[in-house]
Amino acid sequence: MNGHHQLSLKVLLGTALALGVLTILTVSVAKIHIPSPFNIVVAIAIAVVKAYLVVMYFMNLKNDKKFNLLSFGFSILFLLILVGLTMLDTMFRVEVIPGF
Amino acid sequence: MAHSSNSTLAHHFVDSEQQFDASKMGMWIFLVTEILFFGGLFATYIIYRAWYPDLYIMASSQLDTSMGAINTGILILSSLTMALSIWAAQHNDRKKTTIFLAVTIICAISFMIIKYFEYTHKFHLGIFPGANYTFTGIDHVKAPQFFSIYFMMTGLHGIHVIIGIGLISWLIFKNQKQAFNSSYYTPIEIIGLYWHVVDIIWIFLFPLLYLID
Numbered sequence: 249m250n251g252h253h254q255l256s257l258k259v260l261l262g263t264a265l266a267l268g269v270l271t272i273l274t275v276s277v278a279k280i281h282i283p284s285p286f287n288i289v290v291a292i293a294i295a296v297v298k299a300y301l302v303v304m305y306f307m308n309l310k311n312d313k314k315f316n317l318l319s320f321g322f323s324i325l326f327l328l329i330l331v332g333l334t335m336l337d338t339m340f341r342v343e344v345i346p347g348f
Numbered sequence: 139m140a141h142s143s144n145s146t147l148a149h150h151f152v153d154s155e156q157q158f159d160a161s162k163m164g165m166w167i168f169l170v171t172e173i174l175f176f177g178g179l180f181a182t183y184i185i186y187r188a189w190y191p192d193l194y195i196m197a198s199s200q201l202d203t204s205m206g207a208i209n210t211g212i213l214i215l216s217s218l219t220m221a222l223s224i225w226a227a228q229h230n231d232r233k234k235t236t237i238f239l240a241v242t243i244i245c246a247i248s249f250m251i252i253k254y255f256e257y258t259h260k261f262h263l264g265i266f267p268g269a270n271y272t273f274t275g276i277d278h279v280k281a282p283q284f285f286s287i288y289f290m291m292t293g294l295h296g297i298h299v300i301i302g303i304g305l306i307s308w309l310i311f312k313n314q315k316q317a318f319n320s321s322y323y324t325p326i327e328i329i330g331l332y333w334h335v336v337d338i339i340w341i342f343l344f345p346l347l348y349l350i351d
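Residue numbers (my numbering), protein chains in the order written: chain A, 249 to 348; chain B, 139 to 351.
For the record, the hints were derived by calculation from the structure and aren't laboratory data. From the three backbone atoms N, C-alpha and C, an ideal C-beta is built for every residue, glycine too. Misleading hints may appear alongside valid ones.
What the hints assert, rightly or not - Derived Cβ-Cβ restraints for the label pairs, each shown as a range:
1. Asp192/B <-> Ile272/A: 23 to 33 angstroms
2. His229/B <-> Ile280/A: 39 to 49 angstroms
3. Thr258/B <-> Phe326/A: 48 to 58 angstroms
4. Gly264/B <-> Val289/A: 11 to 21 angstroms
5. Thr338/A <-> His278/B: 31 to 41 angstroms
6. Ile300/B <-> Ile280/A: 32 to 42 angstroms
Stated by the list, open to error - DSS-like, lysine-lysine: derived pairs with alpha carbons at most 30 angstroms apart:
7. Lys162/B <-> Lys315/B
8. Lys310/A <-> Lys234/B
9. Lys280/B <-> Lys258/A
10. Lys234/B <-> Lys313/A
11. Lys260/B <-> Lys279/A
12. Lys260/B <-> Lys258/A
13. Lys310/A <-> Lys162/B
14. Lys162/B <-> Lys314/A
15. Lys258/A <-> Lys312/B
16. Lys313/A <-> Lys279/A
17. Lys279/A <-> Lys233/B
18. Lys234/B <-> Lys258/A
19. Lys162/B <-> Lys313/A
20. Lys312/B <-> Lys310/A
21. Lys313/A <-> Lys312/B
22. Lys233/B <-> Lys312/B
23. Lys260/B <-> Lys162/B
24. Lys253/B <-> Lys312/B
25. Lys233/B <-> Lys310/A
26. Lys234/B <-> Lys312/B
27. Lys315/B <-> Lys279/A
Work out the full structure: start from the sequences and follow the hints.
The structure is reproduced here in structure tokens:
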């Protein structure tokens with residue numbers, strides 16, 4: 249009849265459980281004070297894994313049309329270009345812009 | 139191909155499958171603009187953190203980690219119930235669809251209530267965005283800047299949560315009027331996509347703002 253992907257209850261509950269565990273993990277890791285910059289790396293890595301789980305299983309991009317995955321991928325790519333190119337400027341100034 | 143008697147199928151689509159995919163693609167394009175919309179704020183955050191790393195460590199101590207963590211849990215739960223409402227719609231279970239959507243709204247309102255307590259506590263201390271900042275507890279000349287970024291990021295996110303509450307309320311209204319079934323639940327699907335993006339934004343805001351220390 250319809251080719252919509254049928255969601256699996258087991259996968260949805262498992263995803264939520266994994267997200268909960270990762271939230272507890274990221275709070276615990278923050279409490280043990282890993283030296284900078286590794287604390288930021290670990291926090292972002294956990295957040296990326298959590299976002300991946302939400303996108304792939306809750307938003308079901310895993311079984312969706314590839315064009316949607318491509319669109320999403322490009323949004324991340326352009327976000328990195330925005331941050332990267334701006335930092336090439338802001339990080340290599342002799343002085344921070346006055347007033348900023 | 140036989141003419142469809144499906145009342146939810148617009149005439150310019152071949153079949154409801156194509157219509158569903160088109161709606162979903164449109165939503166994904168919108169979500170791309172949402173990611174880049176928040177992306178501007180994330181870029182601001184990153185640049186200021188690179189300029190003033192000490193400021194972020196000092197100012198983050200004013201944020202209540204347990205409130206942030208509870209709100210993270212609430213949003214994860216709401217994402218689960220949002221996905222479950224689609225699962226229920228796929229199984230033609232109208233009652234469960236409404237229940238899961240209602241739980242999603244309750245989570246969203248709880249999130250905003252906690253956010254309200256966080257904001258009012260800061261306002262009480264004199265922590266306002268921009269020029270209205272009067273708090274003296276953080277010994278850093280750029281302290282107001284951190285809280286401007288904090289209020290803009292969490293504020294824009296909060297606005298999205300409130301819009302989500304409105305959209306999901308409309309879904310419940312339509313579901314009670316028997317608008318959805320296992321072969322047509324497109325609005326639940328695409329508002330669900332929106333809701334999950336709101337969750338993802340918070341997944342990044344939580345460690346970036348609350349867990350710096």
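Hints and how they fare:
no.	hint	result
1	Asp192/B <-> Ile272/A: 23 to 33 angstroms	holds, 28 angstroms
2	His229/B <-> Ile280/A: 39 to 49 angstroms	holds, 44 angstroms
3	Thr258/B <-> Phe326/A: 48 to 58 angstroms	violated, 37 angstroms
4	Gly264/B <-> Val289/A: 11 to 21 angstroms	violated, 34 angstroms
5	Thr338/A <-> His278/B: 31 to 41 angstroms	violated, 19 angstroms
6	Ile300/B <-> Ile280/A: 32 to 42 angstroms	holds, 36 angstroms
7	Lys162/B <-> Lys315/B	holds, 23 angstroms
8	Lys310/A <-> Lys234/B	holds, 25 angstroms
9	Lys280/B <-> Lys258/A	violated, 48 angstroms
10	Lys234/B <-> Lys313/A	holds, 28 angstroms
11	Lys260/B <-> Lys279/A	holds, 23 angstroms
12	Lys260/B <-> Lys258/A	violated, 41 angstroms
13	Lys310/A <-> Lys162/B	holds, 14 angstroms
14	Lys162/B <-> Lys314/A	holds, 12 angstroms
15	Lys258/A <-> Lys312/B	holds, 27 angstroms
16	Lys313/A <-> Lys279/A	violated, 41 angstroms
17	Lys279/A <-> Lys233/B	violated, 43 angstroms
18	Lys234/B <-> Lys258/A	holds, 17 angstroms
19	Lys162/B <-> Lys313/A	holds, 9 angstroms
20	Lys312/B <-> Lys310/A	holds, 28 angstroms
21	Lys313/A <-> Lys312/B	holds, 27 angstroms
22	Lys233/B <-> Lys312/B	holds, 12 angstroms
23	Lys260/B <-> Lys162/B	violated, 40 angstroms
24	Lys253/B <-> Lys312/B	holds, 29 angstroms
25	Lys233/B <-> Lys310/A	holds, 28 angstroms
26	Lys234/B <-> Lys312/B	holds, 14 angstroms
27	Lys315/B <-> Lys279/A	violated, 49 angstroms
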